[in-house]
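2 protein chains.
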Amino acid sequence: MSETDIEPTLNMLKLDNSQSLRLWLRMLSCTRLIENDIRQDLRESFDTTLPRFDVMAQLYRYPDSGLRMSEISRLLMVTNGNITGIIDGLAQEGLAERTTDGDDRRATIVRLTADGVSAFEAMAIQHRGWVDGLLGGLDDDEREQLFNLLTKLRDSLYAKLEKTDA
Amino acid sequence: MSETDIEPTLNMLKLDNSQSLRLWLRMLSCTRLIENDIRQDLRESFDTTLPRFDVMAQLYRYPDSGLRMSEISRLLMVTNGNITGIIDGLAQEGLAERTTDGDDRRATIVRLTADGVSAFEAMAIQHRGWVDGLLGGLDDDEREQLFNLLTKLRDSLYAKLEKTDA
Chain A
1 MSETDIEPTL
11 NMLKLDNSQS
21 LRLWLRMLSC
31 TRLIENDIRQ
41 DLRESFDTTL
51 PRFDVMAQLY
61 RYPDSGLRMS
71 EISRLLMVTN
81 GNITGIIDGL
91 AQEGLAERTT
101 DGDDRRATIV
111 RLTADGVSAF
121 EAMAIQHRGW
131 VDGLLGGLDD
141 DEREQLFNLL
151 TKLRDSLYAK
161 LEKTDA
Chain B
1 MSETDIEPTL
11 NMLKLDNSQS
21 LRLWLRMLSC
31 TRLIENDIRQ
41 DLRESFDTTL
51 PRFDVMAQLY
61 RYPDSGLRMS
71 EISRLLMVTN
81 GNITGIIDGL
91 AQEGLAERTT
101 DGDDRRATIV
111 RLTADGVSAF
121 EAMAIQHRGW
131 VDGLLGGLDD
141 DEREQLFNLL
151 TKLRDSLYAK
161 LEKTDA
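Here the protein sequences come in this chain order: A and B. Read in our numbering, the first sequence has 103 at position 103, and its numbers run on one by one without any break. Read in our numbering, the second sequence has 142 at position 142, and its numbers run on one by one without any break.
Just so you know, not all the hints are guaranteed correct.
[To be verified] Covered stretches of chain A (in silico footprint by chain B; criterion: 3 or more residues with CB under 8 Å from a CB of chain B, positions within the stretch not fixed): (1) 45-56; (2) 94-104; (3) 111-119; (4) 131-137; (5) 154-163.
[To be verified] Below 16 Å or equal to it, Euclidean Cα-Cα: the simulated EDC-like pairs (lysine to aspartate or glutamate) are: (6) A/K163 / B/E144; (7) B/K152 / A/D41; (8) B/K152 / A/E44; (9) A/K152 / B/E97; (10) A/K152 / B/E142; (11) B/K160 / A/D41; (12) B/K163 / A/D139; (13) A/K160 / B/D132.
FYI, nobody ran anything at the bench for these hints, they're computed from the structure. Think of the CB as a built atom: it goes at the ideal place given N, C-alpha and C, for glycine as much as any other residue.
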């Protein structure tokens, strides 16, 4: 047991791993390895966290309209509770600001400030470089194949999850 | 903005998305969609959480030797702090037990109890079925291609991260 490896999880189980399960565990390994590396890079280079970077990335996409808390949660696919603390922190540091929705005065809209935009852009440029490095073990063709397969998977997941919700 | 989508994150950024960044964001979308669905299934079917399932899966792999807390953290690629609360819960419910390491009396070893093994197996069988369903949008050949590409990526990540640590 000499390296990080979440994969052989079910090897000893009294049922064989299905092809899909092996694939899912391998995808999870790749995602966690990359996420953990980026998490460490963000901490070392910007003294910030991955959830905070993700929230800023979403706010950055909506400079004019801003986003409601519930929209941020949905875009990031995480729970509202986690987001509140992050927005509090960003607001205290002058990187984000809250306003009231003109149409619905109970709803709070969040936007990045000009300082927040600059701070995010500085991080995003570095982030892109880290990701280029982490995925550099595949060549262009392999990355394209992987992208296409994941796109097909994502589309099938959207279709499946919409059907379940309906 | 009608569906959950973390991907176009950097579309508005004053730098183009690299091929690697697009790929990484797509991988992250797929992983989060699948994880969130499994999280919901675990809650509805077993009133349990994904981190708890993951911890039980690791303990299940080492019925004889058991695992130290630090080993569980490393295998799951998460921090020790999160694990402690989960082990406390499992111990209270009689699903895991702590013993002292014979060689190092300061170190605690954790194992699943017989009840824990049964509980995990019941969940693992369902879990495999959920994953089979979620990845059913790809055919056998596509899953095999995706598995092989992710294996190449994982191996390159291990090589890269080992080099960085050294």
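Evaluated hints:
no., hint, in the structure
1, 45-56, "violated (count 1)"
2, 94-104, "violated (count 0)"
3, 111-119, "violated (count 0)"
4, 131-137, "holds (count 7)"
5, 154-163, "holds (count 8)"
6, A/K163 / B/E144, "violated, 26 Å"
7, B/K152 / A/D41, "violated, 23 Å"
8, B/K152 / A/E44, "violated, 28 Å"
9, A/K152 / B/E97, "violated, 43 Å"
10, A/K152 / B/E142, "holds, 10 Å"
11, B/K160 / A/D41, "holds, 14 Å"
12, B/K163 / A/D139, "violated, 20 Å"
13, A/K160 / B/D132, "holds, 13 Å"
Of the numbered hints given earlier, the model fails hints 1, 2, 3, 6, 7, 8, 9, 12; all others are met.
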